[in-house]
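Trainee: Produce the entire structure from the sequences given, and follow the hints as far as they go.
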Amino acid sequence: MAFERRKRKESSESALQSLADEELMALVAKGQSRAFETIYERHGGAAFSLAYRMCGSRSLAEDVAQEAFLSIWRSGGRYDRARGSVRTWVLGIVHNRAIDTLRRTVVHERRRASDEGIEERFEARERTEVEAARREEASTIRGMLETLPDEQSRVIELAYFGGFTHAEIAEMLGAPIGTVKGRMRLGLEKLRGQLAPQGAMP
Amino acid sequence: MITGGNGDHARFGDDVAPWLLGALATEEREAFERHLSACARCREEVAALRPAVEALPLAAPPVAPSPDLRDRIMRVVESEAQLLEAAGQTADRPEARKRRRPARRWLGSVSPSLAAAACALVVAVGVGGYLIGQSGSEGGGARVVAAKVSFPAARASVRTEGERASLQLANMPPPPRGRVYQVWLKNDGQMPRPTRALFVVRSGAVAIPGGIADADQVLVTAEPPGGSMVPTSQPVIAADTA
Chain G
1 MAFERRKRKE
11 SSESALQSLA
21 DEELMALVAK
31 GQSRAFETIY
41 ERHGGAAFSL
51 AYRMCGSRSL
61 AEDVAQEAFL
71 SIWRSGGRYD
81 RARGSVRTWV
91 LGIVHNRAID
101 TLRRTVVHER
111 RRASDEGIEE
121 RFEARERTEV
131 EAARREEAST
141 IRGMLETLPD
151 EQSRVIELAY
161 FGGFTHAEIA
171 EMLGAPIGTV
181 KGRMRLGLEK
191 LRGQLAPQGA
201 MP
Chain P
203 MITGGNGDHA
213 RFGDDVAPWL
223 LGALATEERE
233 AFERHLSACA
243 RCREEVAALR
253 PAVEALPLAA
263 PPVAPSPDLR
273 DRIMRVVESE
283 AQLLEAAGQT
293 ADRPEARKRR
303 RPARRWLGSV
313 SPSLAAAACA
323 LVVAVGVGGY
333 LIGQSGSEGG
343 GARVVAAKVS
353 FPAARASVRT
363 EGERASLQLA
373 NMPPPPRGRV
383 YQVWLKNDGQ
393 MPRPTRALFV
403 VRSGAVAIPG
413 GIADADQVLV
423 TAEPPGGSMV
433 PTSQPVIAAD
443 TA
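If you read the sequences in order, they're chains G and P. Going by my numbering, 141 is the number at position 141 of the first sequence; the sequence numbering is gapless. Quick note, my numbering runs 202 ahead of the 1-based positions in the second sequence.
If you're looking for bench data, these hints aren't it; they were derived computationally from the structure. In this text the structure is predicted, and so the values were computed from the model without any measurement. Backbone N, C-alpha and C fix where the C-beta goes; we use that ideal spot for every residue, glycine too. Any given hint might turn out to be false.
Residues from chain P that keep clear of chain G, each with C-beta distances beyond 10 angstroms, as calculated [what the hints assert, rightly or not]:
| no. | residue |
| --- | --- |
| 1 | Ala-227 |
| 2 | Arg-379 |
| 3 | Arg-398 |
| 4 | Val-403 |
| 5 | Gly-406 |
| 6 | Gly-412 |
Per label pair, the in silico range of CB-to-CB distance [what the hints assert, rightly or not]:
| no. | chain 1 | residue 1 | chain 2 | residue 2 | range |
| --- | --- | --- | --- | --- | --- |
| 7 | G | Ala-82 | P | Gly-428 | 28 to 34 angstroms |
| 8 | G | Ala-133 | P | Arg-274 | 23 to 29 angstroms |
| 9 | P | Pro-427 | G | Glu-41 | 28 to 34 angstroms |
| 10 | P | Arg-277 | G | Glu-23 | 41 to 47 angstroms |
Mentor: Set out below in structure tokens:
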């Protein structure tokens, strides 16, 4: 069966590779599995990396990535290019699946998972230029996060990667909820400023 | 009670950043999203901060998934693609696109064609399954509709009376380990909508909170505890309530 799959794949692979993500999603919406596989090839690595960063364990991260990609397959028609890139959409789905998973997990386990996740372990080896570019991109964004005041980067990391609610974060840090929300906003504003240093964005 | 008005901005304005980061609890999130749909100022703030949040996932250190993951995903995808193909072109109705319901911002839903294919499967399974009673009224304005069930010994029906609705069950097998049954409402050409009706009971009545309104179909799938926003498995019960 694997052989047959490969054979069919070869016939259309190069054609699919040349398509943009948005064009592939239109095929996914029609139930074309090869187009979906190409989407997985392009974004599966970033998706798994995010899930792993959030869940701190391979098995949880694989469950999250699997659920997310199956929901992407089943909701292909849902993608709306006006709302952003396919990559952003895919990562948004992974993020929310991971949050659901984290919120189902016992708190002390989550805390451990989120601590582990902060360490950079089991990094993908730089085998390809794409991976090298990904690593560079990751380190650029991390660099931007590091320039934020600690109190701001911490609430952003706990919320986005840790899956904690603002109330849980307030309790952990012994800070009022309003303060936590304010730090989130300030941190995101600063980050936004760094992404578009010239203020060129509307 | 109107909670979505612009006058609430003072109350909800601080939630823009926590919402974007996914840091609101479920109820807060729902309240904020209602407000957001009515508050242009919050939408502007969301648009301004969103690029920062969209950059965050890219900060995750690259970790390679195992090749098994791809195989597992593609096995499911291939089998569903075949199902879809078997369901044929009629499953892919264009009007389904236009009538799509707004979804939560991140949640996909099953594509209309796949949902139709899934339903086709249930019907096919239902032939070998059990069909109890007939549609009809049960005195006092109650209406009972027999459901198709994919387990031969199990029976199910949907009972509606005014605004209230429930699922009546007999001899259902327990859901797969670590799963619960979840009730979905579906209209023709649309994706199934999740309900809060989750159950593991095998016999008895399960209330469907909020009733079934004008749903054409009531479906049941096995889902992770807490339920899903999109079905993650094939329906095991389907009742035509149109």
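Trainee: Against this structure, judge whether each hint is valid.
Mentor: How the hints compare with the structure:
1. Not every CB of chain G is more than 10 angstroms from the CB of Ala-227/P (nearest about 5 angstroms), against its label as outside the interface.
2. Every Cβ of chain G is farther than 10 angstroms from the Cβ of Arg-379/P; the closest lies at roughly 14 angstroms, confirming the non-interface assignment.
3. Even its closest Cβ contact with chain G, about 15 angstroms, leaves Arg-398/P beyond 10 angstroms, as expected for a residue assigned away from the interface.
4. The non-interface label for Val-403/P is consistent with chain G: the shortest C-beta to C-beta separation is roughly 21 angstroms, beyond 10 angstroms.
5. Listed as a non-interface residue, Gly-406/P keeps its Cβ farther than 10 angstroms from every Cβ of chain G; the least gap is roughly 26 angstroms.
6. Annotated as non-interface, Gly-412/P keeps its C-beta farther than 10 angstroms from every C-beta of chain G; the closest such distance is 22 angstroms.
7. In this structure the supplied range 28 to 34 angstroms holds for Ala-82/G paired with Gly-428/P, their Cβ-Cβ distance being about 31 angstroms.
8. The supplied range of 23 to 29 angstroms is met by Ala-133/G and Arg-274/P, whose beta-carbon atoms lie about 27 angstroms from each other.
9. Restraint check, Pro-427/P to Glu-41/G: a C-beta distance of roughly 32 angstroms satisfies the suggested window 28 to 34 angstroms.
10. Here the CB-CB span from Arg-277/P to Glu-23/G is close to 25 angstroms, at odds with the stated 41 to 47 angstroms.
In summary, the numbered hints that this structure violates are 1 and 10.
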